[in-house]
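For this one, chain A is given, so just place chain B on it according to the hints.
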Amino acid sequence: MKKRKGARIVVVTMTIFIVVAGLYGFGSKLEEFVRAMSDENRAPGGEFVFIPVLNYFLASIGFVFLFIWAALNGMFRDIEKPKYDMLERERRLDAEAGAPWE
Amino acid sequence: MTTIAAGPPRVAGLDRAESLPLVNERVVLCYFVASFTFFIIALLAGLAYSLTFLQSYPFAGIEWLSPGRVRMLHTNGLAYGFIANAFLGGLHWAVPRLTLRSVLSDKLSWLIFVVWQLIVLSTAVGLLAGEAQAVEWGETPVWIDPVAVLGLLLVGANMLTPVIRFKGPMYVSLWYFIAALVWTALTYTMGNFFPQYWIGGTASGAIIGLFIHDLVGLFVTPIGWGLMYYFVPIILKKPIWSHGLSLVGFWGLAFFYPLNGIHHFLYTPIPMFLQHGAILATIAVELVVTTVIVNFFATLRGSGDALRTNLPIRWFYVGMVFYFTTCLQCAFQVTLTFQRIIHFSDWVVGHAHLVMFGVFGFWILGMMTYLFPRLVGASGWYSAKLNSWHFWLSAIGMLVMVLDLTMAGLVQGFAWDALMIWEETLRASTPFWLVRTYAGGAMILAQFLFLYNMVKTASMGRNGAAVSGGIVSGGKIDV
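Same order as they appear, the protein sequences are chains A and B. So the first sequence is residues 1 to 102, counted in the working numbering. So the second sequence is residues 1 to 479, counted in the working numbering.
The shape of chain A in the complex, shown without the other chains (with noise of 0.2 Å):
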């Protein structure tokens, strides 16, 4: 009991350590962009600054998307099971196949 407590302080505190670091990481990162997009001086065009960006957010939500559609779909409800299937799919094709080192 003791032992589950003192690994749920370690969780909690490790979290907000994670969080708020990732939270001033990315915040930080997000005025910078911010003042980069508005600086008068930048470069003309300024695409640079943004399509890279861009660039993260579309790879980015096309995965957002699949991981909600697998979600859905039930490809994590028994998320150990695929290894076992696969690996009985393969001793079977070995099998059928005659394979000499089975």
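Please keep in mind that the hints were generated in silico from the structure rather than gathered at the bench. Some hints could be false.
Unchecked claim - Just so you have them, the derived chain B footprint on chain A, three or more residues with Cβ under 8 Å: (1) 75-83; (2) 89-98.
Unchecked claim - Straight-line alpha carbon distances no greater than 30 Å define the calculated DSS-like cross-link-like pairs of lysine-lysine that follow: (3) A:Lys81 / B:Lys238; (4) B:Lys237 / B:Lys456; (5) B:Lys167 / B:Lys107; (6) B:Lys385 / B:Lys238; (7) B:Lys237 / B:Lys385; (8) B:Lys167 / B:Lys238; (9) B:Lys167 / B:Lys237; (10) A:Lys81 / B:Lys237; (11) A:Lys81 / B:Lys107.
Claimed, not checked - Here are some chain B residues pointing at chain A (derived, C-beta under 8 Å): (12) Leu54; (13) Pro169; (14) Pro233; (15) Val248.
A virtual CB, placed ideally from N, CA and C, is assigned to each residue, including glycine.
Frame of chain A; chain B shown alone:
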């Protein structure tokens, strides 16, 4: 060919009832042969280029074989000839077996194979003719780019069809393959078209930075890990330690990797928020990588003897150790403090070799060691001893090269930082460059031994001869 027998489905969850070849093994074999051919050519180009640093370049005075062009032949040959071909072969083997559905079309597979070889050959000719595009790792001449994108889209259609038709929760390898097939076409388009036609100056530098690293992280890495998650369990005959953890690794890669590339251009006019963002994302990726490594080594627990008795497993796990090393290196070297010293030095060259040869090269060679006898119809390798020599020469050569170039990078970096006279720094670098050439020579010799072994094994396969000292022993491959 591996087939599923006629009649009702034999595997739970299968609706496949026809007797059709599941894996076109000839396509896989052809990809491996093409891959190894380009591998040898690219390695020889690298060896020739390394001689430039020793004032002994063999093609001095021949414009189309000038060192700059031969260097691009080395890098592009490895990326698109060796790695891409081997991965396409690996996908043609693994995807149908993971989904129990064959690829969209056999004819399309052959068409892609032929077109891809033409693309790689045209790239080589274009580079030697001096038509390189000014994009690092994207030097393919501009007239090839549209064909390459079309080829990548066809690969996606061919490979994703069985994955989409697959019902039920997917194994982690398939997640990685989906991501790679989608990302590669997008990455290639971004890196080869945006800087060429629409964005110039520093802006194109930012895009090229993304392209260079995304090519490694969003094309090579997901296919490489996808294949490892497939081959390691089937060879060890035990499931991966935690499928849940493997998915953490996959989704971590998906969300942390795409912004990494700008760490190639630290201390440039690219806005600092992008440079800092890339540094943070790179360090975050190291944490993701750790989950993957923990998973694979936990899988090996209780089967550690396989590292000694099973050569493909040894290739895979040594590659994983190199992978962890290179990512750990990455987490440090992307910081501004490290960059101040190592930028433009041979440290970076050592890092690149560790990634391309030490990691993905090792995984590919392990995959070939495992599959080649099966593909040529032999019951094992012609010589286990040659295979062993192949491994040790490659591994020792790689290790020596990386240590040597890392030390060279530190010497150069600190010398430049101390404003030492340029010629003096060249003199200090020469012994390191000599060792690098010898290490490369050992690695190339290893590949020729493997080539000889492959030829003899293939001829035995054709003759249906039995193999002395064969690879089969209690489900494991003797080395």
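- [ ] Could you grab the alpha-carbon distance between Lys167 of chain B and Lys237 of chain B and see if it respects the 30 Å cut-off?
- [x] This hinted pair holds, its Cα atoms lying about 24 Å apart.
- [ ] Three residues minimum, CB to CB under 8 Å: does the segment 75-83 of chain A make the cut for coverage by chain B? Let me know.
- [x] holds (count 9)
TODO: Assess, step by step, whether the Cα of Lys385 of chain B is no farther than 30 Å from the Cα of Lys238 of chain B, and give holds or violated.
DONE: Holds, at roughly 27 Å.
Open item on the list: Tell me if the straight-line CA distance from Lys167 of chain B to Lys107 of chain B falls inside 30 Å.
Closed with: holds, 25 Å
- [ ] State whether the coverage of the segment 89-98 of chain A by chain B holds or is violated, taking the criterion as 3 or more residues with Cβ-Cβ distances under 8 Å.
- [x] holds (count 6)
TODO: Quickly compare the C-alpha distance for Lys237 of chain B and Lys385 of chain B to 30 Å and report which way the hint goes.
DONE: Holds, at about 25 Å.
TODO: Using Cβ atoms only, decide whether Pro233 of chain B comes closer than 8 Å to chain A, and label the hint accordingly.
DONE: Result: holds, 6 Å to nearest chain A Cβ.
Task: Interface hint for Val248 of chain B, Cβ within 8 Å of any Cβ on chain A - done: violated, 10 Å
- [ ] Please verify that hint: Pro169 of chain B, Cβ, nearest Cβ of chain A, below 8 Å or not.
- [x] Since chain A brings a Cβ to about 5 Å from Pro169 of chain B, closer than 8 Å, the hint holds.
Task: Straight-line alpha-carbon gap Lys81 of chain A to Lys237 of chain B, limit 30 Å - done: holds, 16 Å
- [ ] May I ask you to test the interface hint for Leu54 of chain B with respect to chain A, counting a Cβ-Cβ separation under 8 Å as satisfied?
- [x] Violated - the Cβ of Leu54 of chain B stays beyond 8 Å from chain A, reaching only about 39 Å at its closest.
Task: Lys81 of chain A paired with Lys238 of chain B [C-alpha distance capped at 30 Å] - done: Distance ~13 Å between Lys81 of chain A and Lys238 of chain B Cα, so the pair holds.
Of the hints listed earlier, those the structure fails to meet are numbers 11, 12 and 15, in rising order.
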